[in-house]
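Throw the hints in and build the complete structure from the sequences for me.
2 protein chains.
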Amino acid sequence: MAPTMELVLLFIIILVSTLSAGAIQTHPLDPLTPEEFNLVRTIISKSYPTSSCHANLTFQYVGLDEPDKQTILSWLSSKSKPKIQIPRRAFVVARFEKQSLEITVDLSTRTIASTKVYKGHGFPLLTFDEEAMATLLPSKYKPFIESVKKRGLDLSQVVCTTYTVGWFGQVKTNRIVNVQCFYTKETANLYARPLEGISILVDLDEMKIVGYSDRMVAPVPTGEDTEYRSSKLKPPFGPKLKGSAFWQPHGPGFEINGHTIRWANWEFHVGFDTRAGPIISLASVYDLEKQEYRKVLYRGFVSEMLVPYMDPTTDWYFKTYFDCGEFGFGQTASSLQPLTDCPSNAVFLDAFYQNSHGSPVQIPNAFCIFEKYAGDIMWRHTETGIPNKVITEVRPDVSLVVRTVSTLGNYDYIIDWEFKPSGGIKLGVGMSGMLAMKAGKYTHTDQIKEEIYGTLLADYTIGVNHDHFLTFYLDLDIDGEANSFVKSNLETVKVTVDDHGTPRKSYWKVVRETAKTEADARIKLGLKESELLVVNPNKETKVGNKVGYRLIPGSVSHALLAVDDYPQIRAAFTNYNVWVSPYNKSEMWASGPYTDRSTGDDNLEVWNKRDREIENKDIVLWYTVGFHHVPSQDDFPVMPTLSGGFELRPTNFFERNPVLKVLPPEHVDLPNCTFEL
Amino acid sequence: MAPTMELVLLFIIILVSTLSAGAIQTHPLDPLTPEEFNLVRTIISKSYPTSSCHANLTFQYVGLDEPDKQTILSWLSSKSKPKIQIPRRAFVVARFEKQSLEITVDLSTRTIASTKVYKGHGFPLLTFDEEAMATLLPSKYKPFIESVKKRGLDLSQVVCTTYTVGWFGQVKTNRIVNVQCFYTKETANLYARPLEGISILVDLDEMKIVGYSDRMVAPVPTGEDTEYRSSKLKPPFGPKLKGSAFWQPHGPGFEINGHTIRWANWEFHVGFDTRAGPIISLASVYDLEKQEYRKVLYRGFVSEMLVPYMDPTTDWYFKTYFDCGEFGFGQTASSLQPLTDCPSNAVFLDAFYQNSHGSPVQIPNAFCIFEKYAGDIMWRHTETGIPNKVITEVRPDVSLVVRTVSTLGNYDYIIDWEFKPSGGIKLGVGMSGMLAMKAGKYTHTDQIKEEIYGTLLADYTIGVNHDHFLTFYLDLDIDGEANSFVKSNLETVKVTVDDHGTPRKSYWKVVRETAKTEADARIKLGLKESELLVVNPNKETKVGNKVGYRLIPGSVSHALLAVDDYPQIRAAFTNYNVWVSPYNKSEMWASGPYTDRSTGDDNLEVWNKRDREIENKDIVLWYTVGFHHVPSQDDFPVMPTLSGGFELRPTNFFERNPVLKVLPPEHVDLPNCTFEL
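First to last, the protein sequences are chains A and B. According to full-length UniProt numbering, the residues represented by the first sequence are 1 to 677, in order. According to full-length UniProt numbering, the residues represented by the second sequence are 1 to 677, in order.
Hints are computed from structural coordinates only; laboratory data are not their basis. Since we're looking at a predicted model, the values are computed, not measured. There may be inaccurate statements among the hints.
Identical copies carry no separate label here, and so any pair may be met within one copy or between two of them.
Within a straight-line C-alpha distance of at most 20 Å, the following computed SDA-like cross-link-like pairs (lysine to any residue) qualify [what the hints assert, rightly or not]:
#1 449 <-> 491
#2 389 <-> 154
#3 426 <-> 374
#4 185 <-> 392
#5 69 <-> 91
#6 542 <-> 656
#7 524 <-> 609
#8 449 <-> 495
#9 524 <-> 489
#10 426 <-> 645
#11 98 <-> 178
#12 46 <-> 511
Rendered as structure tokens:
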């Protein structure tokens, strides 16, 4: 190690020590700090010196190596102040000499705690750097230069992007990506002008083109009307929306202490991970009656997002993205724009991920946190039934939103964790951004005599059919870890006049079924009328109901690929909308730990086949929000947000309505002001 | 007619003439004004003089007799200014000598245009007055007084309410209601302390008790912890929510002209009906590209709401309310409270219905209209794929909400019509209020050895299982009246390597099926992966897609009663989630025109059996939003709002994203102010 390197290291050590002695105590679930990223890089680089440079050692994933759940829970319940600092560790997946290394770094001792070579199928996350490098290769590749020339296009206006290639039965796989290119002349809408027919394969470990074909020349769409930057668009603009201002004279109702947020009756921790993006941990709700915080969610995050396209032809069949496992929902998080991505009362937090050299990259404003005053009603009642008296009691609703947006190439995914004073947690999923477009030879649907696998959106432009499946990991700990999953099936009961002396012929009753093993908890929604609950079988209300939360699904979709199709084997976690598994620290990622080119031999469906016991255990609920997307012209060239989601709602969790005794927020009149419009 | 009566009439005539010559021209769909209600009453009372008083003539329904659709459409497209006034008519259902009379009153000529005696099954809406009169009868009825005494209760604290009794196979029916009573000592929560076991039948036409039984004495719940008025509750209060102020320096973005509202790119008419409540008509959206308003929805409203309870025992089996047809979603509309029911930027409108004497009753603030700034994102994209350039374009969302709340006894239903600049119409249904509670002998679930048909909520208090099914009438006129209903079924296609030379084994494609007749459009959601569209087969985009809107359901529920059970025969319109019928002016009410004690011989399912042609016709979409409700303690004593709904979303309606060229609302900074906190 060169002397300068040692100096840098020393500086880092001092910095980290200073920080850890600072005012804000580190929470054991806090994401790695920039200093910690740097420390990890330094420690590992020292152990993997390469002949000339670090080109051969790349950091594919660096994240917090979370302490064991029991350690966290003990730490949380400890009364000592300040709490004892749990040693910080980082988990790293690096590529070195064409192998995936799993390295655990102990940040307190500044040593490598363990190293393992991963021998299984699949590869770790791609990094932005290697993707960027791969996209620059074609412009120096002669056959590609020829192809561009043949199309009469200007090479300097060609931009390429990388596509993961999936797995289609190959026995041996390499870290290959497909590079496809677009023409950006006349439009900044990258996806509008594909150079269809050209396929470029790049080996990321070698960082070179290993396959090339130019099969056909399709018309390149003109890109007309695909501009979306307001600065470049021409009038008329509209529709016109009026401006407004929002004012909280006493400041926001929440406080952020490090990564811990307290608001109204909620307390939770907001983490961040390169792969998962936002992670909500240790969410507890204050019970006014019991005068204590009660546990609800140990940890929740987007475990995987699958986007399979429905076009089986050469340049499209492999497009079946696993966006979390391949590209990372965290490292693709966008910087949120004040006043447009989030309202004026939002507070922002930054996030960090590592580049392929292991250095921290900042995402400014990766999170926004705001109180949502949507004009909703928390609860109300008007009573006119009592003579000579009218009672009206109304409480307006306010909720707290933690928002991130991950931009995976063309699409922007808005993830809202919304906490409600009534105890509900709503997950909002919004989809915007650009459609994936394919060039075709058509300018009118009348000309189409074959399957085009999508919708003709504009001249020579097809929006290809696809799905979005977001699988949420929800480690609910309802009033403690030992929980059960209950299906409350609503079943029709037929009765006759002999039963109750009434002419009623039927009603439905609740038949509760507690899932004993994993097999009992695989559910395709929509086939039965059921309520799905996670309850604590050891805790009950005064009158004896088991305390619980129930899942209220939004719009439901099912996977439609054949179960033996390769992408579906890899995505078998979407075969059901709901799964429940016993908590297992290593089972975080529905698509398995190594998703790129995975073969489906190590994912949620495989683990679930062990059919483990889940009754009165620490369990994890996996819920998949799905959308089938038949593109429409109204989504072109940029798509108005399409929303979905679900809600976790207290169900006999409280003795009674937990917001019965909420008071309406005080009304604030606008001050006397002198202002100019 | 007494001279004073003539004077009143003259005054009314002058008033009406004055109003009709006023600045705001009457829209042919405007609801009846108070003056028109009075005119109707005067005209009809003149024709039905009764010996001593008007006790024998009651006005069960008075509403606008809508002009024919073609008349409205011609009026709408006429260029004359001011437009020719279409003669106003009222439609009345009155009870006179135990018959239901259908009377049409011509308001311009001040004459009765037609009278018909209704001979079929079922009865019209109940009026508030007769319900109120019926609830006062028990306190003067000796056996009831005895029953109260037997229970050791104070008669002056007993309050009663009326329950419709449905139909259970009777050949002949009367206008009977069931009256049940509650104890209001210790609580204003009427529903918390039922006097279980007492059943009182009242004949509304006779206005006397015609049946009485006191079968058993159940413990009367104590009512403890059922108070919900903040003025009566004791600390601790919480959770604490911070106050805020909202400021639109340029005023609201919408304008209200009579009952017509214009906002952003939307224009629509807001009507009001005693039975339906809010009616949205003639909703059109401005197409920036075509520079014209385009038709979307001719008329939409809640046609019926069914709430069947799932308890087959004597005092509960008949509780299967048809809230619109029996009680009226309009006459039960609550006055909305500024700042709590609606945000500070809301504008309010009043509504009117008639009492049983035909006199207008005002509902102040029955509607609120406000721009919703919920912090949502209209569309966004971050582009990092172009080297050395980052593009971020975000447009915050604003929508316009028209809100009403109908309170049907214990429950409060929040109906939000939400218009989005992107062309979507969202229907939000929120449910709050009180659970229907039944007294029982239990204080702990361990004691329960029988079916209790609900959840034990508190000592001696059972929340009874039930459903809520809201059936929406949606006369979509997509770019004109002639529309078709299309099921875009997503079907799995299996492929082999021989098909496309790729290893992909499957994909889904869109198989479009246009419904020819009504039978093709009966749909139970959740069984197939489909998009459901209403398209105009005569209008297409430049590239040839049929312009349309699609239905995006929220959470879906199915009816669970046996199809041959009496309530389900009457509610057969809930056998499917979706129906499509040809437009027919007389088919407005899913449960038929006379719902109280209806026998199911004249409802949507019966009309639908004719299996009429619906392709390229003026069609109506009927969509049912359903909730199964297993009460939970968290809903007690007042229920935090449970929300659902659906969206109508443009689908190839526009050539491209209609809000591509929207500009973010200008940011308004808070003025420099001197204020006291």
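Outcome of the hint check:
1. For the homomeric pair residue 449 and residue 491, the shortest alpha-carbon distance between copies (19 Å) is at most 20 Å, but the shortest distance inside one copy (48 Å) is not.
2. Proximity of residue 389 to residue 154 under the C-alpha cut-off of 20 Å is restricted to the inter-copy arrangement: shortest distance 19 Å between copies versus 79 Å within a copy.
3. Proximity of residue 426 and residue 374 under a CA criterion of 20 Å is satisfied in both settings, with 14 Å inside one chain copy and 15 Å between copies.
4. In this assembly of identical chains, the alpha carbons of residue 185 and residue 392 lie at most 20 Å apart only when taken from different copies (19 Å versus 62 Å within one copy).
5. In this assembly of identical chains, the alpha carbons of residue 69 and residue 91 lie at most 20 Å apart only when taken from the same copy (16 Å versus 69 Å across copies).
6. In the homo-oligomer, the alpha carbons of residue 542 and residue 656 lie at most 20 Å apart inside one protomer (11 Å), although the nearest pairing across protomers, at 57 Å, exceeds that limit.
7. In this homomeric assembly, residue 524 and residue 609 come within 20 Å of each other (Cα to Cα) only inside a single copy, at 16 Å, whereas the closest approach across copies is 32 Å.
8. With identical chains, the CA atoms of residue 449 and residue 495 are at most 20 Å apart between copies only, with a shortest distance of 19 Å across copies and 56 Å within one.
9. Taking CA atoms no more than 20 Å apart as the test, residue 524 paired with residue 489 passes in both settings, with 13 Å inside one copy and 19 Å between copies.
10. For the homomeric pair residue 426 and residue 645, the shortest alpha-carbon distances inside one copy (7 Å) and between copies (15 Å) are both at most 20 Å.
11. Taking the shortest Cα distances, residue 98 and residue 178 sit within 20 Å of each other inside one copy (19 Å), while across copies they are farther apart (80 Å).
12. Within a single copy, residue 46 and residue 511 get their C-alpha atoms no closer than 61 Å, and across copies no closer than 59 Å, so neither meets the 20 Å cut-off.
Violation of the numbered hints given earlier is confined to hint 12; every other hint is satisfied by the structure.
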